[in-house]
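Please construct the entire structure, taking both the sequences and the accompanying hints into account.
Chains as they are written, first to last, in the working numbering: chain A, 1 to 559; chain B, 1001 to 1255.
Just so you know, the hints here were simulated from the structure itself, not pulled from any lab data.
Mixed in with the good hints there might be a few duds.
Said to hold, decoys possible - Result set (SDA-like, lysine to any residue): computed pairs, CA atoms no more than 25 Å apart in a straight line:
(1) K1212(B) with Q27(A)
(2) K371(A) with R1231(B)
(3) K1136(B) with V1191(B)
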Amino acid sequence: MAKLHTKKLFVKALNKKFGKDFDLASQKTEYKRLGPEQNARKREFMEAAKKLEGKRGISFYNPYVHCGGVPLGQRQLVPYKLSTTEYIVEGDDLHFVNNPAMQQMWDDIRRTVVVGLDMAHEVLEKRLGKEVTPETINNYLEILNHAMPGAAVVQEHMVETHPGLVDDCNVRMFTGDDDLADEIDDQYLIDINKLFPADQAEQIKAAMGKTSWQAIHIPTIVSRTCDGGTASRWSAMQLSMTFIDAYNMCAGEAAVADLAYAAKHAAVIQMSEMLPARRARGPNNPGGLSFGFMADMVQTSRTKPWDPTQVSLNVVAAGTMLYDQIWLGSYMSGGVGFTQYATAAYTNDVLDDFSYYSCDYMMDKYGGFAKAPMNLDVVRDIATETTLYALEQYEEFPTLLEDHFGGSQRAGVVAAASGIGSACATGNSQGGLAGWYLSMCVHKESHGRLGFFGYDLQDQCGPTNVFSYQSDEGSPLEIRGANYPNYAMNVGHQGEYAGITSAAHAARGDAYSINPLIKVTFANPALLFTWDDIRKGYGMGGAREFRAAGDRSLVMPAV
Amino acid sequence: MAYTPQYYPGNTSVGINRRKHMSGNLEKLRDIPEADIVSIMGHRAPGADYPSTHPPLKEMGEPDCPVRQLVEPTPGAAAGDRIRYSQFADSMYFAPSIPYWRSYWGAINCRGCDPGTLSGRQIIEARERDIEAYTKTQMDSEMTDVALCSMRGCTVHGHSLRLEENGMMFDMLARSEMGADGNIYYAKDQVGIPLDKKINVGKPMSEAEAKKRTTIFRADAVPFSGTVGARKPDEALEALHHMWERRSLWGYRPE
Chain A
1 MAKLHTKKLF
11 VKALNKKFGK
21 DFDLASQKTE
31 YKRLGPEQNA
41 RKREFMEAAK
51 KLEGKRGISF
61 YNPYVHCGGV
71 PLGQRQLVPY
81 KLSTTEYIVE
91 GDDLHFVNNP
101 AMQQMWDDIR
111 RTVVVGLDMA
121 HEVLEKRLGK
131 EVTPETINNY
141 LEILNHAMPG
151 AAVVQEHMVE
161 THPGLVDDCN
171 VRMFTGDDDL
181 ADEIDDQYLI
191 DINKLFPADQ
201 AEQIKAAMGK
211 TSWQAIHIPT
221 IVSRTCDGGT
231 ASRWSAMQLS
241 MTFIDAYNMC
251 AGEAAVADLA
261 YAAKHAAVIQ
271 MSEMLPARRA
281 RGPNNPGGLS
291 FGFMADMVQT
301 SRTKPWDPTQ
311 VSLNVVAAGT
321 MLYDQIWLGS
331 YMSGGVGFTQ
341 YATAAYTNDV
351 LDDFSYYSCD
361 YMMDKYGGFA
371 KAPMNLDVVR
381 DIATETTLYA
391 LEQYEEFPTL
401 LEDHFGGSQR
411 AGVVAAASGI
421 GSACATGNSQ
431 GGLAGWYLSM
441 CVHKESHGRL
451 GFFGYDLQDQ
461 CGPTNVFSYQ
471 SDEGSPLEIR
481 GANYPNYAMN
491 VGHQGEYAGI
501 TSAAHAARGD
511 AYSINPLIKV
521 TFANPALLFT
531 WDDIRKGYGM
541 GGAREFRAAG
551 DRSLVMPAV
Chain B
1001 MAYTPQYYPG
1011 NTSVGINRRK
1021 HMSGNLEKLR
1031 DIPEADIVSI
1041 MGHRAPGADY
1051 PSTHPPLKEM
1061 GEPDCPVRQL
1071 VEPTPGAAAG
1081 DRIRYSQFAD
1091 SMYFAPSIPY
1101 WRSYWGAINC
1111 RGCDPGTLSG
1121 RQIIEARERD
1131 IEAYTKTQMD
1141 SEMTDVALCS
1151 MRGCTVHGHS
1161 LRLEENGMMF
1171 DMLARSEMGA
1181 DGNIYYAKDQ
1191 VGIPLDKKIN
1201 VGKPMSEAEA
1211 KKRTTIFRAD
1221 AVPFSGTVGA
1231 RKPDEALEAL
1241 HHMWERRSLW
1251 GYRPE
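Have a look at this one:
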C-alpha cells in the first residue's frame, strides 16, 4: 500500500541539476576535477576579488589557497532548486550575505514589536479624561506613520530621517472588535476578516476578544544599525510622542510615563525573549525566538490552509535559515558551513517528498489529518515507515544521497519528515517530536552513522525529554526555542522543530500555533519578505530579484 | 557459567558482521608494515622517538591511588606519549565498516581510547604508540577495504558520494590512488601532505566481497526492514523500538 505514496518529487530537481538524460541511479561517476572555474558564481567571485585587491592593498578571495592548492570544485558544483518553486540558484546564493531576501526575513522579525492599544486608551480615558474614538485612533495612526520612521511631531528644530531610507517602516492596528475594525481607515488596518479564512478569523478573534493591537515595524536600517532590543525602545519613543500630539497632552506630564511604560514593558510583545548572559543578547534576537512564534510568523497556514504539509515545509524553511544560518551560523559561531546544513531542508524537493510520503501514508492508515490517537504506537508506525522510506530513496538514487553535504542533512531531513507526519497524524506537536527522535534512532541503527558527532547528545538522548514537563528538561514544543537547554548547540534541528510545531496545528485546522497576535502581525501586507511562501522569497533573493530595505546608497556617492 | 556478550541482535549478514566488529574477532586480510602506517598517519617520522608530554609514569612518583593500582596503564600512557589520532572515512557503498561500528570496536576492544563518531568520518584518539597499534589493526583487518575506506584527517568529504569509475571513494585531496597493478597506493598522508614514497596498501575487495563483509543496511542489499510496501522488521529494529519507548516513558514519569 505504501508504494502508492511514493511520488519521488526530488527527481525533477535532480534532472534539472544533472541533466535530463543523466543516470540518477548510477553508483559510479567520473570526477572531472574542473575546479572553481566550472561554476559561474565562483568565476564572478574571482573576478570581483581581482578588481578589489588593488584597492584593498591586501590579498583577498583566492580559492587556490584552499587545502594547500586543491581548490573547491573537485566534484561537480551543482546548483540548488528552491523546493516547490522553479528557482534554481547556486549554493553561494543561499548564504545569507549573498541573499537579501534572507536578510529581510530576519530584519522583518527583528524590527517588529506588537504593542497593545487598550492600556494606553485606558490611561487617556480614565486618567486624563480624553475621548478615544475611531476618529481619534485614525488620527493617531496617521501621525504615528509619520513619526515611527523617524520624524518629529511635537518638537521644534528636530532632525529627521530621510523617507527614502525608512520607507519600509509602518504601523497598522488590528482588533478582535469587528465594529471598531469597520471604523478604522483601511490603510491602517490589518483586516483579520479579509486576510484569514473565515474559520481562522473566528478563532483568532475569539482568542483576542475585543482587544486592539499595533503591529509595529521600525525601519530596517535602524534595527540593522542597532539590534533587536532597539525595536521596543525606538517604537516606544515614537508612540509616546504620537500620543502627545494626537491627544494634545502635556509633553512632561506623568501620564506620559504610563504610556511609555505600556509601550516598553506592560503592553509590548517582543518577538523573542532575552538570552542569559553567557549568550548575551537582548530581546528580538533569534536565540530567544520560540518555535511557536516562528511557526506563527509564517503565513502559509493562512494562504494554504488545505495543505498542512506545505505549511510545515515553509516553517522549516524559515526556521532553518534563521536558526541555522543566522543564529547558530553567525551569532553563535561563524563562517560558511552552516548554510550547507540548512539548505537541505528547503531545496530540491527532498524534504517535500519525504513529508508528503509520510502524510499520505498516515492519511491512508489513520483517516486524515489529526485523526489518529496520540500514542506511541501511532508515532512508532509513522516515524519508522517514513524513515525507512527516506533512507531507501537515498540508496536508490545516489545523486540524491550526494545532493546533501553529509549525514547531518540526511538526519535532519528524514527526522523532520517523520516528525511532520507524526504531528499531522496526531495533531500533537509532542507526538511529532517523539517521531523526530525515533527517526534519528532508526536512521543511526540502519546506516551506522547519523549527524555531526553522531547527534548523540541531542537526538539519541532526546526521547527522554519529549514528554517531560520539568522546567529544565522539557516543555511543550511550542514554547521551546533555540535556547532550550538541549537544543542550543546543534545545527540542523531548530527550524525542523518549528516545522513540527506548525504541523500539529495546521493539521488540526488551528489558525495559529501559540499566539494569534503574532500570526496577525505577520499577515501585514506591507511586510517586505514573502511570509506566505518562504522558499519563493529565498529564490527571489538568490536570483537577485528581491529588493530589500535598509539600503544606504541613497546617501552615499555612487560606486 | 562464563558470560558471553551477545553484542548485537539479528541474523542477517549485517547483524553478524556488526557482532564481529564489536567483538574484535576480526579476520586479518593484509599486513601493512608499521612504518607505512606511521607514515600515513603523519604524526611522526617512522623510527623517530615518540614525543612525550610527561615523564614515564614510573618516574613520576604517582600518588597512592586505588584506581591507579587497579588499572594498568597502556604502553603509551606509561611512556608519557602525547595523544594523537587516526580518522577513517567509510563509503556508504558497502564499505566494511561504518562510523558507529568503528567506535564500538574501539570502545570495546581498545584501552585508553577516545572514539568520536560523525556521519562521514570516525576518529579515535589515544596515546601515540597505542593509536598506532589500533590503526594498524583497523588497516590490516576486514574492517577496512582500501578502496572504500581511507584515512583522512581533514577534508573528509566523500562517504556519501558516488564512487570513482575505478571503484574508489571520492577524495578531494586524492590521498590514495589505484596503481596500474590494481593495488591502492597512498600518495599523501591523512592530512594531505605528499609522502616521500607511495605506500602500497594492497588490492581492494571485489564488490561482492564488500557486500558480504559490510555492516551497513541498504535497501539494495540487506535492508534494515524490508522495502517500501514489503516491510519485514529486523530484530535490531524491534530492539530499538523497545529502547525508544522506554526512554520516552522514562522522561514522562507518569507517577
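_Please list, smallest to largest, the hint numbers that this structure does not respect._
none
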